[in-house]
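Colleague: If you're matching them up, the sequences are chains A and B in order.
Those letters in the first sequence? Residues 1 to 279, by the working numbering.
Those letters in the second sequence? Residues 280 to 637, by the working numbering.
Hints may contain errors.
Here are a few chain B residues that sit away from chain A, every Cβ distance over 12 Å (derived from the structure) [to be verified]:
#1 356
#2 384
#3 556
#4 563
#5 622
#6 624
When the alpha-carbon atoms are kept at most 30 Å apart in a straight line, the in silico DSSO-like pairs for lysine-lysine are as follows [to be verified]:
#7 B:414 with B:449
#8 B:619 with B:581
#9 A:203 with B:501
#10 A:165 with A:69
#11 B:329 with A:203
#12 B:355 with B:305
#13 B:501 with B:606
#14 B:305 with A:203
#15 B:449 with B:619
#16 B:478 with B:581
#17 B:478 with B:494
#18 B:343 with B:478
#19 B:494 with B:329
#20 B:414 with B:619
#21 B:382 with A:203
#22 B:343 with B:355
#23 B:414 with A:203
#24 B:449 with A:203
Okay, the calculated beta carbon distance ranges per label pair [claimed, not checked]:
#25 B:510 with A:135: 31 to 39 Å
#26 A:137 with B:499: 25 to 33 Å
#27 B:327 with A:182: 52 to 60 Å
#28 A:206 with B:499: 56 to 64 Å
Note that these hints are calculated values from the structure, not bench results.
By construction, the Cβ of each residue, glycine as well, lies at the ideal position given by its N, Cα and C atoms.
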Amino acid sequence: MIKIKSIYLLLLTACSFLFAKTADAQDTLPRPVTSVYRLEVGGTNARSTYLSPLRYSGTLWGASGEWMKAFQRDPEHIIMTFAGGINFRNMLNPPHSARMIGADARFNWGLAYRWRMPNNLQLALGGLLDINGGALYLTRNGNNPVTVLASAGIALDISLSYHFKIGKLPILISDRLNIPTIGAFFSPQYGETFYEIYLGNYKGLAHCGWWGNNFGVSNMLSVKLDFGRTAMEIGYRYDYRSFYANHLITRTAGNSFVIGVIPQGLGLKKKTKANYAGY
Amino acid sequence: MLRYFSIIFSSLLLFLTACHDTPDYKDDPIGNFDALADIVANRYCYFEEKGIDWKAVCAKHRAKVKPETSQIELFKIMSDLLDELQDGHVNLSSRFSTSYYRKWWSDYPQDFNLRTLQQYYLDFDYMSVSGMNYKMLPDSIGYIYCPSFSNQISETSLDYVFAVLYGVEKAKGMIIDIRNNGGGLLTNINTLVGRFIDKEICGGYIRHKTAPEPKAFSEPYKITFKPADHTHIRYQGPIIVLTNRSCYSAANNFVAVMKSLPNVRICGARTGGGGGLPFSSELPNGWAIRFSACPITDSEDKPTEFGIDPSPGYEVHCTEEELAQGKDAILDFAIEVYRKAFEAADKKTQRSFNIFPY
Numbered sequence: 001m002i003k004i005k006s007i008y009l010l011l012l013t014a015c016s017f018l019f020a021k022t023a024d025a026q027d028t029l030p031r032p033v034t035s036v037y038r039l040e041v042g043g044t045n046a047r048s049t050y051l052s053p054l055r056y057s058g059t060l061w062g063a064s065g066e067w068m069k070a071f072q073r074d075p076e077h078i079i080m081t082f083a084g085g086i087n088f089r090n091m092l093n094p095p096h097s098a099r100m101i102g103a104d105a106r107f108n109w110g111l112a113y114r115w116r117m118p119n120n121l122q123l124a125l126g127g128l129l130d131i132n133g134g135a136l137y138l139t140r141n142g143n144n145p146v147t148v149l150a151s152a153g154i155a156l157d158i159s160l161s162y163h164f165k166i167g168k169l170p171i172l173i174s175d176r177l178n179i180p181t182i183g184a185f186f187s188p189q190y191g192e193t194f195y196e197i198y199l200g201n202y203k204g205l206a207h208c209g210w211w212g213n214n215f216g217v218s219n220m221l222s223v224k225l226d227f228g229r230t231a232m233e234i235g236y237r238y239d240y241r242s243f244y245a246n247h248l249i250t251r252t253a254g255n256s257f258v259i260g261v262i263p264q265g266l267g268l269k270k271k272t273k274a275n276y277a278g279y
Numbered sequence: 280m281l282r283y284f285s286i287i288f289s290s291l292l293l294f295l296t297a298c299h300d301t302p303d304y305k306d307d308p309i310g311n312f313d314a315l316a317d318i319v320a321n322r323y324c325y326f327e328e329k330g331i332d333w334k335a336v337c338a339k340h341r342a343k344v345k346p347e348t349s350q351i352e353l354f355k356i357m358s359d360l361l362d363e364l365q366d367g368h369v370n371l372s373s374r375f376s377t378s379y380y381r382k383w384w385s386d387y388p389q390d391f392n393l394r395t396l397q398q399y400y401l402d403f404d405y406m407s408v409s410g411m412n413y414k415m416l417p418d419s420i421g422y423i424y425c426p427s428f429s430n431q432i433s434e435t436s437l438d439y440v441f442a443v444l445y446g447v448e449k450a451k452g453m454i455i456d457i458r459n460n461g462g463g464l465l466t467n468i469n470t471l472v473g474r475f476i477d478k479e480i481c482g483g484y485i486r487h488k489t490a491p492e493p494k495a496f497s498e499p500y501k502i503t504f505k506p507a508d509h510t511h512i513r514y515q516g517p518i519i520v521l522t523n524r525s526c527y528s529a530a531n532n533f534v535a536v537m538k539s540l541p542n543v544r545i546c547g548a549r550t551g552g553g554g555g556l557p558f559s560s561e562l563p564n565g566w567a568i569r570f571s572a573c574p575i576t577d578s579e580d581k582p583t584e585f586g587i588d589p590s591p592g593y594e595v596h597c598t599e600e601e602l603a604q605g606k607d608a609i610l611d612f613a614i615e616v617y618r619k620a621f622e623a624a625d626k627k628t629q630r631s632f633n634i635f636p637y
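Based on the provided sequences and hints, a complete structural model is requested.
Modeller: If you want it as structure tokens, here you go:
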């Protein structure tokens, strides 16, 4: 009990220092929300040894949204991000004799610390609460038709961006990398059917995830063109997730072309001191 | 630039996930044969019960596979290999055929003729719902014929069946005929059994493989059956379940559960078995493979893979000659059991008596 109280006091003290330090900045910088709405299309492949030993490949469609804002307590350095997206996969096995359909959704919330560096470079490093849910459905399987893709954890969020102008058009090039670190994910037992889970046997379904059994990368390289009132984004995303538990391997990967719109623009064109939160 | 990034990330992934790689089989006759042999070796659940030396069996059949083996020849070799498992839940499906082990029923008398039943006992006049045919037989015996569990049996349909037989027509006993029922949805068993019990019961156990090793099985998980809630009609009177060798899979499981109930007798022939819940996988050439993966045992944790025997004194068989003449000896036996019991019973308590003494 004394230990808990000590930790609580320590956190309180640390927070009060942070608030004291950032109180001035809070009132001076505007904090517009930078919204990005994206559509994605590309190729994908998936392998789930619970369903089949074969790797399925096909097309991926996705839609996502991302909302970024400078954090109230330290708007100069801390960016808060909320993002959500859905993906749909339509895949065939190599001999094209069976179809696998995948659908998943992801939600991220996180904070990143940014460093404005010389030569218009910006580096940001932070953490994201990373929640994913979805399924791969192999249409011809009977008692093992679905691999559930469900995970929650903390992901590293790293980005490097550079902005410059071509003529009067501000352009922002950025590369953003998300890597899950620790968390939890779902996996049935090696030969367990969903009937047994339906009966109530939930033993061994949840697993702690780390890089040894739950590795993933989501990388997005993008170019944003800031027209002032609005901005446009063109990019390429590479996504990879793998889960290993109970002697079962599940992997999904996707390469997609991304096109997005930023309704309010990035603030790079304005001469005001807008504190854009874009990466 | 895109290529550069792809190469970097792919290399990173290979490095981090190399320890969890799965074997890749070539899509050629030998590669496909090896894939099939390994899938079954890792996941099939009855090697020990059936005394099968899978490695030796595979070696025998693999010798027949050559690089130039045609698809049809390969299918035949693989089908022969799978027949060694003597399991009706094992199928290999290609674009041109599906293999099927038939000896679990083809080597035994059928003990049933649908035409005989419909013509001489139901008079081609019966009601049907949710795949069940039902009728009140003479002597107030409610009769339900359930040829398959492939379609979902709805609670509402069952209410109507029970309401007609026991509410309107006042049946005094029930015959559930599942002869030739090759199985289907296991959830139908829960729906049906829930109507015949008044408290939660253990109907069996299920296990699954926890790893590819041959003896890596989970602890048995109890399969419990709960009574249907009070908004539905339940029946706890005497029941005779009619079976033959073609009762398989979910039907076999239904018999195993019903046999554990005190007011139920199993009448006819030993069922065909099929106690393993099947799992699916596939080969590099796209052929699908299905096999028993999760053994289900009865309420005493005894295997059900080899069939369920009739209750003592209730083993009855039908000859082809009798069936051709319109006589169904199994159904006749069940009707006679009820007739004798009704004659002996006190008329005032006929609806609640127990015809099976314990």
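Colleague: If a hint holds in the structure, say so; if it does not, say that too.
Modeller: Against the structure, the hints come out as follows:
1. 356: Nearest chain A Cβ is 19 Å from residue 356 of chain B, so the label holds.
2. 384: Given that every Cβ of chain A is farther than 12 Å from that of residue 384 of chain B, nearest at about 20 Å, it holds.
3. 556: 5 Å, violated
4. 563: Answer for residue 563 of chain B: violated, closest chain A Cβ roughly 7 Å.
5. 622: 43 Å, holds
6. 624: Given that every Cβ of chain A is farther than 12 Å from that of residue 624 of chain B, nearest at about 39 Å, it holds.
7. B:414 with B:449: Cα-Cα ~12 Å, so holds.
8. B:619 with B:581: Roughly 33 Å between the alpha carbons, so the hint for residue 619 of chain B and residue 581 of chain B is violated.
9. A:203 with B:501: Distance of about 13 Å is within 30 Å: holds.
10. A:165 with A:69: 23 Å, holds
11. B:329 with A:203: 29 Å, holds
12. B:355 with B:305: The hint holds at about 19 Å.
13. B:501 with B:606: 41 Å, violated
14. B:305 with A:203: 36 Å, violated
15. B:449 with B:619: The hint holds at about 18 Å.
16. B:478 with B:581: The hint holds at about 22 Å.
17. B:478 with B:494: Violated: residue 478 of chain B and residue 494 of chain B sit about 35 Å apart, past 30 Å.
18. B:343 with B:478: Distance ~56 Å between residue 343 of chain B and residue 478 of chain B Cα, so the pair is violated.
19. B:494 with B:329: 14 Å, holds
20. B:414 with B:619: 21 Å, holds
21. B:382 with A:203: 37 Å, violated
22. B:343 with B:355: 10 Å, holds
23. B:414 with A:203: With a Cα-Cα distance of about 44 Å, the restraint between residue 414 of chain B and residue 203 of chain A is violated, given a limit of 30 Å.
24. B:449 with A:203: Violated, at roughly 46 Å.
25. B:510 with A:135: 31 to 39 Å: At roughly 33 Å between Cβ atoms, residue 135 of chain A and residue 510 of chain B fall inside 31 to 39 Å, so the hint holds.
26. A:137 with B:499: 25 to 33 Å: 29 Å, holds
27. B:327 with A:182: 52 to 60 Å: 40 Å, violated
28. A:206 with B:499: 56 to 64 Å: About 22 Å separates the Cβ atoms of residue 206 of chain A and residue 499 of chain B, which means 56 to 64 Å is violated.
Checked against the numbered hints above, the structure breaks hints 3, 4, 8, 13, 14, 17, 18, 21, 23, 24, 27, 28 and satisfies the rest.
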